[in-house]
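Residue numbers (the working numbering), protein chains in the order written: chain Z, 1012 to 1202; chain P, 9 to 232.
Just so you know, the hints here were simulated from the structure itself, not pulled from any lab data. Worth double-checking, as some hints may not be accurate.
Simulated restraints on C-beta separations [as the list claims (entries may be wrong)]: (1) Z:Cys1157 x P:Ser120: 44 to 54 Å; (2) P:His172 x Z:Gly1109: 52 to 62 Å; (3) P:Asn75 x Z:Asn1160: 48 to 58 Å.
Note that beta-carbon positions come from the ideal geometry of N, C-alpha and C, so glycine has one too.
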Amino acid sequence: MKTTYTIAIVTQSEILKCGLETMLSCIRSVNLRTVTIPTERAYESIIDIKPSVILVDPLELPSEELVEIKQNIKTSILAIGWSAIPDYYKKVVDGVVGMYDSVEKLSQVISAELKSVKADESDLTPREQEIVAWVAKGKSNKQIACEMNLAVNTVMTHRRNIASKLHIHSSAGLTIFALMNKLVSLEEVAK
Amino acid sequence: MNHYIRFSPSDSMVDLVNYDFNIIPLLSRFSLPLGYKQNTIGDVCQQAGIDVNAFLLIIHYVLGGVNDENLRKNVKASDIVKFLANSHEYFLSYKFPHIRQNLLLALDDNQSMINPSIIEFFDEFVAKVKRHFRYEERHLFPYIIALEKGEPTTYDIDTFVKQHDDVSTPLSELKNIILRYYATSVPNKMYDVLVDIYNCEADIQSHADIEDDILVPIVTSMIS
Chain Z
1012 MKTTYTIAIV TQSEILKCGL ETMLSCIRSV NLRTVTIPTE RAYESIIDIK
1062 PSVILVDPLE LPSEELVEIK QNIKTSILAI GWSAIPDYYK KVVDGVVGMY
1112 DSVEKLSQVI SAELKSVKAD ESDLTPREQE IVAWVAKGKS NKQIACEMNL
1162 AVNTVMTHRR NIASKLHIHS SAGLTIFALM NKLVSLEEVA K
Chain P
9 MNHYIRFSPS DSMVDLVNYD FNIIPLLSRF SLPLGYKQNT IGDVCQQAGI
59 DVNAFLLIIH YVLGGVNDEN LRKNVKASDI VKFLANSHEY FLSYKFPHIR
109 QNLLLALDDN QSMINPSIIE FFDEFVAKVK RHFRYEERHL FPYIIALEKG
159 EPTTYDIDTF VKQHDDVSTP LSELKNIILR YYATSVPNKM YDVLVDIYNC
209 EADIQSHADI EDDILVPIVT SMIS
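Just chain Z, with the same shape it has in the complex:
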């Protein structure tokens, strides 16, 4: 089954909205679902919907809100370049969609962004890698919490995230994964 990605459009301009929607509907290489975000509650809606890519009109969302969105959800933000975009804004977004871009260009940009969002999802964070290594060494959640100076609940949350990223749930399976990715040595596992 092909995954469907949500693309959010944030603008009050009807012409931008309709234009982007039409262009996005021409993209066939990936399954896209387009949603228009109401500008008055844009931030809350975005956090709620968790779109993979956000196309934002720079007039609608200040850069601080974009930073905050990035801290809360895994997403890629592209500015709609209908006018000159200040550098501080460009620094916050992942790219710019130009007014004269073709459907092919838009498709390429979106695909590249989706790829980077997806890669982030399947890669373990350094902290998660550390936890996998402890699991492979035969430590319980409680022991891991002690070793890493974390709450047991936090370790359990990490374990859940690891399981959903790797599709491996058991300790034995994680041990094989840890060995394969050299997170632990054979001697450390045998101990």
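Put chain P on the given structure of chain Z with help from the hints.
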């Protein structure tokens, strides 16, 4: 799903296999001898000492997702037990050793660090399934046979329903590990193993479903 054609005892056994070859592992679990000639499903079952209604009930359920209540009324629990016990033997004595052997051959020498843990993982899975099967053979099956004969029993079906858990999870995990993370430069044999593991996982799942959706209702109707 396509419309499922119902087979009857007078239909040809070969036609049944040709209709949907996914039935083959199931025939293997029935230990049905090959060489069907022009024989009907009824003939083949009779020669093999298998109750044809039990056979069709299971076939309809696995192939068509049809749990036929009328057919179920005419099937003895002991005939389902016979099939399930036979399936246990098929998995433990044939299927698992077969997969293990092919897995050993498919492992890449360049991965010698990881290979032992993969085999260990598989062996632990087999041990777990074995415990699961043996429990059923020691408690559930004798209880059902005794119940059918009207003899006194010490077990009850509710205990089974409460305890019956999914044993195929580790297999699904092993499949995932190999599919996603096992790098090998000689993948052909490993692809074969993956086909085996996928099939085996589905077979174990269907085995558990037969217990839950066919055996349990028959036993429940016996005691109520």
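Okay, the hints, checked on the actual structure:
1. For Cys1157 of chain Z and Ser120 of chain P, the hinted distance range of 44 to 54 Å is not satisfied, since their beta carbons lie about 34 Å from each other.
2. Our hint of 52 to 62 Å for His172 of chain P and Gly1109 of chain Z holds, since their Cβ atoms are close to 60 Å apart.
3. Separated by about 54 Å at the C-beta atoms, Asn75 of chain P and Asn1160 of chain Z satisfy the suggested range of 48 to 58 Å.
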